[in-house]
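In this text, residue positions in the sequence shown follow the working numbering: the first is 1, and each later residue adds one.
Treat the hints with caution; some may be incorrect.
To be verified - Here are the simulated SDA-like cross-link-like pairs (lysine to any residue), alpha carbons at most 25 Å apart as the crow flies: (1) Lys119 x Leu140; (2) Lys107 x Ile167; (3) Lys172 x Asn15; (4) Lys296 x Arg202; (5) Lys252 x Pro185; (6) Lys296 x Ser250; (7) Lys125 x Gln186; (8) Lys172 x Lys280; (9) Lys280 x Leu247; (10) Lys300 x Leu45; (11) Lys53 x Arg202; (12) Lys107 x Arg202.
As the list claims (entries may be wrong) - Using C-beta positions, here's what the derived DEER-type ranges look like: (13) Thr150 x Asn249: 29 to 39 Å; (14) Lys172 x Ala129: 18 to 28 Å; (15) Ala58 x Gly260: 34 to 44 Å; (16) Asp192 x Asn249: 44 to 54 Å; (17) Glu230 x Gly52: 13 to 23 Å.
It should be emphasised that the hints constitute simulated quantities derived from the structure, not laboratory data. Note that beta-carbon positions come from the ideal geometry of N, C-alpha and C, so glycine has one too.
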Amino acid sequence: MQTRCGFVAVLGRPNAGKSSLLNALSGQNLALVSSKANATRKQQLIITTHSGKDSQGAYNAQIIFTDTPGIHHQEKLLNKFMLNEALRALSDCDLKLYLAPASDSVKHYEEFLALLDSKKAQDSKFNTAHILLLTKCDTLSQKELLEKITQYEALSAHYLALIPLSIKKGFKPQILLDTLARYLPQSPFLYDEDIATISQTREIVKELIRESLFENLSDEVPYESDVLVESYKEGRVERIYAKILTLKNSQKALIIGENGRTIKRIGICARQKIESLLQKKVFLRLEVVVDKAWSKEASKLKKVGYDMSLYTK
Numbered sequence: 001m002q003t004r005c006g007f008v009a010v011l012g013r014p015n016a017g018k019s020s021l022l023n024a025l026s027g028q029n030l031a032l033v034s035s036k037a038n039a040t041r042k043q044q045l046i047i048t049t050h051s052g053k054d055s056q057g058a059y060n061a062q063i064i065f066t067d068t069p070g071i072h073h074q075e076k077l078l079n080k081f082m083l084n085e086a087l088r089a090l091s092d093c094d095l096k097l098y099l100a101p102a103s104d105s106v107k108h109y110e111e112f113l114a115l116l117d118s119k120k121a122q123d124s125k126f127n128t129a130h131i132l133l134l135t136k137c138d139t140l141s142q143k144e145l146l147e148k149i150t151q152y153e154a155l156s157a158h159y160l161a162l163i164p165l166s167i168k169k170g171f172k173p174q175i176l177l178d179t180l181a182r183y184l185p186q187s188p189f190l191y192d193e194d195i196a197t198i199s200q201t202r203e204i205v206k207e208l209i210r211e212s213l214f215e216n217l218s219d220e221v222p223y224e225s226d227v228l229v230e231s232y233k234e235g236r237v238e239r240i241y242a243k244i245l246t247l248k249n250s251q252k253a254l255i256i257g258e259n260g261r262t263i264k265r266i267g268i269c270a271r272q273k274i275e276s277l278l279q280k281k282v283f284l285r286l287e288v289v290v291d292k293a294w295s296k297e298a299s300k301l302k303k304v305g306y307d308m309s310l311y312t313k
């Protein structure tokens with residue numbers, strides 16, 4: 001049987017549904033999901049295998065998805081890192097999957113096409129091939145959805161396929177996986193079939209704690225905070241010690257909450273997520289630390305996991 005394998009960059013504006021899609025495809029909570037935009041801060045590889053049959057015959061495919069931060073432009077150092085992570089994935093892939101929420105204006109997709117054209121102008125070998133995924137279709141009426149599909153079909157010369165879907169209502173991955181596999185190169189698998197991600201457990205734990213911050217805090221606090229896993233000790237009970245970094249004393253007070261209620265709620269939420277992932281008991285200790293420069297200095301960003309030197313050479 002033919003084997004196919006390739007990297008698929010999952011791209012789109014902030015809050016397009018990238019992480020929700022990848023969690024649905026993997027069947028695990030591996031990518032940070034939040035209703036708030038710009039929650040994802042760095043690349044993460046999520047791997048799925050898929051078998052099927054098309055005009056080239058029966059196949060087994062290993063699809064290596066790269067979850068990316070939303071494509072956006074801001075001057076803050078951390079935001080620059082996030083944009084560079086997305087742009088790096090744009091180049092280091094066999095195929096691109098662009099997610100466009102059904103309620104978004106088509107102009108955002110046209111801006112993505114302009115970005116592809118600019119990359120092509122810089123490098124004639126740059127691959128612009130992509131699939132357009134219309135997400136959150138349940139937010140529109142059938143009439144509105146058909147009108148939006150018609151608008152995108154006017155740009156059909158630019159994409160390989162257009163697939164409308166909703167993660168929340170009746171999501172069936174077969175069509176999407178069949179379409180992706182059709183355009184992947186013939187190749188042996190790069191990873192063992194039982195591997196769902198190459199991210200280290202500490203990195204996934206960090207993201208689950210960050211996800212819990214987004215779920216239990218409002219306004220700017222989760223955006224101006226991050227998590228540093230200081231210690232991870234494996235055993236019959238996993239023992240995890242992590243610091244929540246934030247910029248201001250007022251934010252620290254909000255995270256802790258009156259009589260420690262908020263930090264307790266965050267800790268319970270995060271622990272339950274980690275236990276669900278690891279299928280083990282977890283002891284989780286969280287400490288809130290104020291560091292006014294954690295997101296403003298490259299050396300401190302690197303300690304938290306965002307290495308700016310990758311993009312400043």
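Ascending list of hint numbers which this structure does not respect
1, 5, 8, 9, 11, 12, 13, 15, 17
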